[in-house]
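**Student:** Sequence:
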Amino acid sequence: MKVNVTLAEYTIVSSETHFHAGMTYYFVVANRGHVVHEFMIMPEKPDGSELPPDLQYKGQLIEIEQIAPGTTMTINYTFSSSAAGRYEIACQMRGHYLAGMKLPIRVTK
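Numbering-wise, the sequence shown is residues 74 to 182 according to this note's numbering.
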(Lines of atoms letter the chains of each structure in order from A and count residues from 1; the text may use other names and numbers.)
(Lines give C-alpha, C1' and ligand atoms only; values in the text may rest on other atoms or scores of the structure.)
Protein backbone atom coordinates (compact mmCIF):
# COMPACT_ATOMS: atom_id res chain seq x y z
CA MET A 1 0.00 0.00 0.00
CA LYS A 2 1.31 3.44 -0.93
CA VAL A 3 1.64 6.02 1.86
CA ASN A 4 2.34 9.66 0.95
CA VAL A 5 4.25 11.60 3.60
CA THR A 6 4.96 15.33 3.31
CA LEU A 7 7.60 17.05 5.45
CA ALA A 8 7.89 20.83 5.88
CA GLU A 9 8.81 23.31 8.61
CA TYR A 10 7.74 21.97 11.15
CA THR A 11 4.98 19.59 10.20
CA ILE A 12 4.44 16.05 9.01
CA VAL A 13 1.37 15.01 7.03
CA SER A 14 0.69 11.37 6.13
CA SER A 15 -2.03 9.84 3.99
CA GLU A 16 -2.20 7.00 6.55
CA THR A 17 -1.82 6.94 10.33
CA HIS A 18 -3.16 3.44 11.02
CA PHE A 19 -1.04 0.51 9.84
CA HIS A 20 -1.44 -3.27 9.97
CA ALA A 21 1.27 -5.71 11.04
CA GLY A 22 2.28 -8.04 8.22
CA MET A 23 1.34 -5.58 5.48
CA THR A 24 4.01 -4.01 3.27
CA TYR A 25 3.86 -0.24 2.85
CA TYR A 26 5.54 1.87 0.19
CA PHE A 27 6.38 5.22 1.80
CA VAL A 28 6.79 8.15 -0.60
CA VAL A 29 8.39 10.91 1.48
CA ALA A 30 8.51 14.43 0.03
CA ASN A 31 10.36 17.32 1.65
CA ARG A 32 8.36 20.42 0.70
CA GLY A 33 10.23 22.58 3.19
CA HIS A 34 13.26 24.83 2.84
CA VAL A 35 15.68 22.89 5.07
CA VAL A 36 16.89 19.28 5.32
CA HIS A 37 14.54 16.89 7.15
CA GLU A 38 14.51 13.19 7.96
CA PHE A 39 11.81 10.52 8.06
CA MET A 40 11.79 8.11 10.97
CA ILE A 41 9.25 5.77 12.52
CA MET A 42 10.04 5.34 16.20
CA PRO A 43 8.26 4.50 19.47
CA GLU A 44 5.92 7.29 20.57
CA LYS A 45 7.08 9.63 23.34
CA PRO A 46 3.79 10.36 25.14
CA ASP A 47 5.27 13.27 27.09
CA GLY A 48 6.40 14.98 23.87
CA SER A 49 10.00 15.30 25.02
CA GLU A 50 12.92 14.93 22.64
CA LEU A 51 15.08 11.85 23.07
CA PRO A 52 18.74 12.38 24.01
CA PRO A 53 21.03 12.07 20.95
CA ASP A 54 22.36 8.66 22.04
CA LEU A 55 18.81 7.23 22.24
CA GLN A 56 17.22 8.91 19.21
CA TYR A 57 17.79 5.92 16.98
CA LYS A 58 17.25 3.14 19.53
CA GLY A 59 14.02 1.34 18.76
CA GLN A 60 13.47 3.03 15.42
CA LEU A 61 11.75 0.91 12.82
CA ILE A 62 12.81 2.77 9.67
CA GLU A 63 14.68 5.92 8.72
CA ILE A 64 15.56 8.02 5.70
CA GLU A 65 18.26 10.54 6.65
CA GLN A 66 19.07 13.88 5.08
CA ILE A 67 16.12 14.52 2.76
CA ALA A 68 17.05 17.70 0.91
CA PRO A 69 14.46 20.43 0.23
CA GLY A 70 12.40 19.65 -2.87
CA THR A 71 13.46 15.98 -2.82
CA THR A 72 11.24 12.91 -2.73
CA MET A 73 12.56 9.58 -1.44
CA THR A 74 10.93 6.17 -1.04
CA ILE A 75 11.23 3.15 1.23
CA ASN A 76 9.34 -0.14 1.55
CA TYR A 77 8.59 -1.48 5.01
CA THR A 78 6.61 -4.38 6.48
CA PHE A 79 5.58 -4.00 10.11
CA SER A 80 6.28 -7.26 11.98
CA SER A 81 3.57 -8.88 14.09
CA SER A 82 5.53 -7.91 17.21
CA ALA A 83 5.46 -4.23 16.16
CA ALA A 84 1.85 -3.66 17.21
CA GLY A 85 1.66 -0.46 19.27
CA ARG A 86 1.95 3.31 19.17
CA TYR A 87 4.68 5.03 17.18
CA GLU A 88 5.51 8.38 15.65
CA ILE A 89 6.62 9.51 12.26
CA ALA A 90 9.25 12.03 13.30
CA CYS A 91 12.12 14.26 12.24
CA GLN A 92 14.99 14.17 14.72
CA MET A 93 17.06 16.91 13.07
CA ARG A 94 18.22 19.30 15.78
CA GLY A 95 15.23 21.20 17.15
CA HIS A 96 12.73 19.89 14.61
CA TYR A 97 11.04 17.33 16.89
CA LEU A 98 10.49 19.89 19.65
CA ALA A 99 9.16 22.34 17.05
CA GLY A 100 6.38 19.87 16.26
CA MET A 101 7.74 17.50 13.61
CA LYS A 102 6.03 14.38 14.90
CA LEU A 103 2.86 12.56 13.94
CA PRO A 104 1.36 9.79 16.10
CA ILE A 105 0.60 6.55 14.28
CA ARG A 106 -0.74 3.16 15.33
CA VAL A 107 0.17 -0.37 14.24
CA THR A 108 -2.36 -3.15 14.89
CA LYS A 109 -2.29 -6.90 14.33
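Possibly wrong hints are sitting among the right ones.
In silico DSS-like cross-links for lysine-lysine, where the CA-CA straight-line distance does not exceed 30 Å [as the list claims (entries may be wrong)]:
{"no.": "1", "residue 1": "K75", "residue 2": "K182"}
{"no.": "2", "residue 1": "K182", "residue 2": "K131"}
{"no.": "3", "residue 1": "K131", "residue 2": "K118"}
{"no.": "4", "residue 1": "K75", "residue 2": "K131"}
{"no.": "5", "residue 1": "K75", "residue 2": "K118"}
{"no.": "6", "residue 1": "K118", "residue 2": "K182"}
These aren't lab readings, by the way, just hints derived from the structure by calculation.
**Student:** Below or equal to 30 Å on CA atoms is what counts here, so check K75 against K118.
**Tutor:** Roughly 26 Å separates the two Cα atoms, so the pair holds.
**Student:** Compare the distance between the alpha carbons of K118 and K182 with 30 Å, and conclude whether the hinted pair is satisfied.
**Tutor:** With Cα atoms ~21 Å apart, K118 and K182 stay inside 30 Å; holds.
**Student:** K75 and K182 were given as a pair; does the straight-line alpha-carbon distance stay at or below 30 Å?
**Tutor:** It holds: about 19 Å lies between the C-alpha atoms, which stays within 30 Å.
**Student:** Can the restraint linking K75 and K131 be considered satisfied, given a maximum Cα separation of 30 Å?
**Tutor:** 26 Å, holds
**Student:** For a C-alpha distance cap of 30 Å, please report whether K131 and K118 respect it.
**Tutor:** 13 Å, holds
**Student:** Is the straight-line distance between the alpha-carbon of K182 and that of K131 30 Å or less?
**Tutor:** The given pair, whose Cα atoms are some 23 Å apart, holds under the 30 Å limit.
The structure shown violates none of the earlier numbered hints.
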